[in-house]
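Peer 1: Single-letter residue listing:
Protein chains: 4
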Amino acid sequence: MNLDFFKNNNISVDLAIEAHDIVRGQLETEIPGAVVDRHNYENATVTVVKIVEPQAAQMMGKPIGTYITIDAPAIRDNNRVAQKEVAEILAAQLSSLFNLPENANVLLVGLGNWQATPDSLGPRVVDQTIVTRHLYKYAPEELQGGMRSVSALAPGVLGITGIETAEIIKGVVEKIQPDLIVAIDALAAGSVERIGSTIQLADTGVSPGSGIGNKRTGINKETMGVKTIAIGVPTVVHAAVIAQVTSEHFLEKLQQNPMFSQIYNNLSPDYAQDVINSVLAPFAGNLMVTPKEIDDLILSTSKIIAGGVSMALHPAINAEQYSMYLN
Amino acid sequence: MNLDFFKNNNISVDLAIEAHDIVRGQLETEIPGAVVDRHNYENATVTVVKIVEPQAAQMMGKPIGTYITIDAPAIRDNNRVAQKEVAEILAAQLSSLFNLPENANVLLVGLGNWQATPDSLGPRVVDQTIVTRHLYKYAPEELQGGMRSVSALAPGVLGITGIETAEIIKGVVEKIQPDLIVAIDALAAGSVERIGSTIQLADTGVSPGSGIGNKRTGINKETMGVKTIAIGVPTVVHAAVIAQVTSEHFLEKLQQNPMFSQIYNNLSPDYAQDVINSVLAPFAGNLMVTPKEIDDLILSTSKIIAGGVSMALHPAINAEQYSMYLN
Amino acid sequence: MNLDFFKNNNISVDLAIEAHDIVRGQLETEIPGAVVDRHNYENATVTVVKIVEPQAAQMMGKPIGTYITIDAPAIRDNNRVAQKEVAEILAAQLSSLFNLPENANVLLVGLGNWQATPDSLGPRVVDQTIVTRHLYKYAPEELQGGMRSVSALAPGVLGITGIETAEIIKGVVEKIQPDLIVAIDALAAGSVERIGSTIQLADTGVSPGSGIGNKRTGINKETMGVKTIAIGVPTVVHAAVIAQVTSEHFLEKLQQNPMFSQIYNNLSPDYAQDVINSVLAPFAGNLMVTPKEIDDLILSTSKIIAGGVSMALHPAINAEQYSMYLN
Amino acid sequence: MNLDFFKNNNISVDLAIEAHDIVRGQLETEIPGAVVDRHNYENATVTVVKIVEPQAAQMMGKPIGTYITIDAPAIRDNNRVAQKEVAEILAAQLSSLFNLPENANVLLVGLGNWQATPDSLGPRVVDQTIVTRHLYKYAPEELQGGMRSVSALAPGVLGITGIETAEIIKGVVEKIQPDLIVAIDALAAGSVERIGSTIQLADTGVSPGSGIGNKRTGINKETMGVKTIAIGVPTVVHAAVIAQVTSEHFLEKLQQNPMFSQIYNNLSPDYAQDVINSVLAPFAGNLMVTPKEIDDLILSTSKIIAGGVSMALHPAINAEQYSMYLN
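Protein chains in written order, with the numbering used here: chain A, 298 to 624; chain B, 298 to 624; chain C, 298 to 624; chain D, 298 to 624.
To be clear, the hints were calculated from the coordinates, so they are not data collected in a lab. Some clues are possibly wrong.
Ranges of calculated distance between the beta carbons of each label pair, as one might list FRET restraints [what the hints assert, rightly or not]:
#1 C:Val378 - B:Gly582: 21 to 31 Å
#2 A:Asn375 - D:Pro329: 47 to 57 Å
#3 A:Ile361 - B:Asn400: 37 to 47 Å
#4 D:Glu327 - A:Tyr561: 46 to 56 Å
#5 C:Gln553 - B:Asn583: 42 to 52 Å
#6 B:Thr326 - C:Val378: 33 to 43 Å
#7 A:Val378 - C:Glu519: 23 to 33 Å
#8 D:Asn299 - A:Glu325: 48 to 58 Å
#9 A:Val378 - B:Pro579: 30 to 40 Å
#10 C:Gly443 - A:Val349: 28 to 38 Å
#11 C:Gly456 - B:Ser558: 43 to 53 Å
#12 B:Pro579 - C:Leu300: 19 to 29 Å
#13 C:Glu519 - B:Asn583: 33 to 43 Å
Where a beta carbon is used, it is the ideal one built from N, C-alpha and C, also for glycine.
Just chain A, same shape as in the assembly (with noise of 0.2 Å):
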């Protein structure tokens, strides 16, 4: 697979750890400007994209700045160990992310559709959000020592509100002056696996054209003026996909013979395009592959997510409290 095909079928590559190994394999050695970082957990292992130079951005398809990966299959089969252990490692990934200080002010923001269960993650992950602006004021000192003020939004998708999502959440950043913005999304993947299994956090925000829901207008520090952390998990992958990885597999191997190559090269250059479009029609590029249990899925993760967003920005919240907040 290479970025062509998603460009072609106007499909956003949303987790960074993926455009990165497409670009790899295409140049076949590193990427020039992207440096990459893999620590090993017992039930994830994280990886580190940091994308340095203009090249690789370019290359990449996506903007300089910090992409985490955290790869946890674990959690997907309802292993609450696994799933305590993926909520602190989010909180300590998120926390290397931002420098602020404790008495800061941050607005979390749910983007998505609530109406549409896959895209609906970003949504529940704010209804399940301890916010604390609303009394934060009202709160003993040394309560505000280890809570922030943390305010919460789901702006819903353009097709409910009719407004841009990036107008609503601009409007509401103007009137409460956030230090900081933490927008939880859902996301495509480039394969099955990482569906449930994989989040990604990324200080460049929210992508124009990115997520599910196909956000036109990014949600970003150029976007809204204020520094802007993106978690997302790929809860679907879109059916066009899996159709050209067939494709590729399927020819992967004919390709070895050398015969082949000659039929190959008679095809019209559309032609693998054109079967996706005609086995996908009439939904085209709303067809999506989930499993079976996504409403399960967009509960559990939504909770992982809740519970390391809410240690990070509360310290004050031990392991044990966030424990039981968790599950």
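Assemble the complex: chain A is given as a structure, and chains B, C and D must be docked to it using the hints.
Peer 2: Relative to chain A, chains B, C and D alone:
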């Protein structure tokens, strides 16, 4: 019952018609500066209370403006003919409160908490309304003639967002600059027979402290800078009101006996309130009286409101289409 | 308050402890044939009422049997430590009511209407319970030692199915022949302070006419042919009870005055009831008093019940796992 | 595609018309013992496949019986005129499959899992259907003339109840002894264009192993002792089918080249299956392809089915009332 009871119990009198009737009853004469007009329909009665003088406003605890009450007990019985008629009346009355060109830009705001059934009316209406703002600029001119540009927002409540609802709305209003705001909210009534059977329209917007969720800041022309019409339906009666009304009914007959007034006058003036407090502890102001079928009632009422609002805002939606839409 | 009020208003006294206290109050002495025992815990009080004589059963309007009440106001405040303790107490008390081999076959029944929030407790518990019957025969023997074969059913209510709930359960019971039925139901209490703070266990099953939805047929050993334990939590108080209690509190002080009894005796005996009827029309028996946060309360209570039931039925689930499960 | 692919991947071919077309394609001639008839309507095409000979049944993997397919892509576009027409066609076709006196007793069964959106069609229909069995015996005779006695059950799925769905239904059937069972289920299709646009009626009931949730036991005349009609709507396509169809389309053109067959014949016969397995791991058979708007699609489809079923079972419900009901 008098308005002091509500003040003492920190309960708002959401319906102007009830405030009117209470004050009218206390005065035992028409309220100077308030004009009342009534029309009967097959399945509904429409009462228009106009508060025209500051004195009347002060006595009734409501700002100067027009308050339209549609009383239609039949809509509570799943009578679809009545529901259709009431939606049409709502559309006509709503239209009478604004005077806007067909290309005006309207923002619907669904107030209330979608996680608390009796308070979820506003968000439900928003979920069922046709929004057009994002399509409007691409629509053919002839369609633009009959459809207004409508956007919609369900801002949530302070306990979920940590942000004053009025702040969120104001932020969005500054971005999209609507010509009119229509805010939908679940209300508390002073008698159970109004639950699910009364719709109030007010060109004064939403007053501070009204509604089930006790919104702190008003949503009206003053706070928003834009004309604001409120549509409300009572979905609860505060339990304290039930207790109070019971006491009053009880005393009514007793007081016919001259000896009784002697006994009664010996009671502490706080006695009635003490009874109410003890009966309703430990929930106090958070106890609501609702019909067992509150979920159904919210669903059917939200459809009527969504239907009526759509007809009023989009003149091109005719009755036939609307009937399909409504049900 | 006396039991006649409930009969006249067609309201069941769902909690045996309330029936006991009402009769005890009327008798002004211990009820012959009823034994009461009380234990205090950190966050809860457990009261066991044993009705051992037919006379006591007749006076209290409850069948002979054991009724365990767990009172724990702390669980209503989202106090997770208290919620955990109460789930453990529930597990222990539930275990005390049955005496079953570890390979016994248990059917959970979630009574009530999932479309009416205050009545949805039973179906919610069933949705959160670990069922094992379908896995049981394939499970390794050592696991079978600590897990019982558990199945679960949410039969709905008459208005949704057109079938008596007891008929549905009986049909399933005849097919799967459980050794024990545990039926979970939302109850109506006689005072608001019990809402969401009291759990009742009864080895007499569910009586005809009890519960919010007024089940017509009992679900008990007689009707099912299988030992049946009922677990109930009050989620509402009938509005008529609020009106009645208010009247009674009101009269209490008045009656201290000797002149008053003269006045009072001149009132029609139906006077109090007439007041209640007029205050609650047109909803009458269908008006419920609930806290505004009833949705939250149902959610957190259902988790406690599901946790306690799982611990009692599956001895292999230890406290640690259970804590993860509960929250 | 041939039927072996489905067998090898443990996927049922839920639509008889698809089984027919696959076998017809393989045979390259009409299937002996199967009769096909087609009618066109404004917004729909109705195809009746009658399997009359055991040989046809064996070839198509479907029992002898009548299978009616209503194809109506327009209902997917929220076209309410088309939805109304399709509900009327459904009512007429459903009526054609049974021959019952007006006082017959009908049990609706909503199969599937209400906690998994694409599988929740059956329970949703049941929630929206008018049940009358509990009212029937009290109804005036003239009403009984036009309304049948209808009851409804949503038995859940094995993973939620621990009980075979067929056992629950059979237990209830033995209690209430209906004259007819109508079972509604979400299906899997062989092509995405059928999602939300096709309705199948079958007088053979539900076959073992069909539906999204892979019901193990059939629900039909043999298992229930009562005539059983199944109504199904495809809401998903198995991801494996997408992969397979893509491969086939891909090969189609390649195979026009004589050299290619040589290469292809060198591939292991398991090659295609290996590709599919690797693309879809780790979810395998649990990956479904659905439109992003699956929640909307389930909602609108369930209304059409509920409307059509109500019209067929209650002749007294006329089109006007039904239109109100449907929408």
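Peer 1: A separate judgement is required for each hint: does it hold in the structure or not?
Peer 2: For each hint, the structure was consulted:
1. Between Val378 (chain C) and Gly582 (chain B) the C-beta distance comes to about 27 Å, which sits within the given range of 21 to 31 Å.
2. Between Asn375 (chain A) and Pro329 (chain D) the beta carbons are some 50 Å apart, a value that agrees with the proposed interval 47 to 57 Å.
3. For Ile361 (chain A) and Asn400 (chain B), the hinted distance range of 37 to 47 Å is satisfied, since their beta carbons lie about 43 Å from each other.
4. A hinted range of 46 to 56 Å is violated for the C-beta pair Glu327 (chain D) and Tyr561 (chain A), which are about 37 Å apart.
5. In this structure, Gln553 (chain C) and Asn583 (chain B) break the distance hint of 42 to 52 Å, their C-beta atoms being roughly 32 Å apart.
6. Separated by about 60 Å at the C-beta atoms, Thr326 (chain B) and Val378 (chain C) break the suggested range of 33 to 43 Å.
7. Our hint of 23 to 33 Å for Val378 (chain A) and Glu519 (chain C) is violated, since their Cβ atoms are close to 46 Å apart.
8. The hinted window of 48 to 58 Å between Asn299 (chain D) and Glu325 (chain A) is violated, with their beta carbons roughly 40 Å apart.
9. Range check, Val378 (chain A) to Pro579 (chain B): about 38 Å between beta-carbon atoms, so the 30 to 40 Å window is met.
10. The hint said 28 to 38 Å for the Cβ distance between Gly443 (chain C) and Val349 (chain A), and at roughly 54 Å that hint is violated.
11. Remark: the range hint 43 to 53 Å for Gly456 (chain C) to Ser558 (chain B) is upheld by a beta-carbon distance near 48 Å.
12. Checked against the hint of 19 to 29 Å, the pair Pro579 (chain B) and Leu300 (chain C) passes, with Cβ atoms roughly 25 Å apart.
13. Checked against the hint of 33 to 43 Å, the pair Glu519 (chain C) and Asn583 (chain B) passes, with Cβ atoms roughly 40 Å apart.
Violation of the numbered hints given earlier is confined to hints 4, 5, 6, 7, 8 and 10; the remaining hints are satisfied by the structure.
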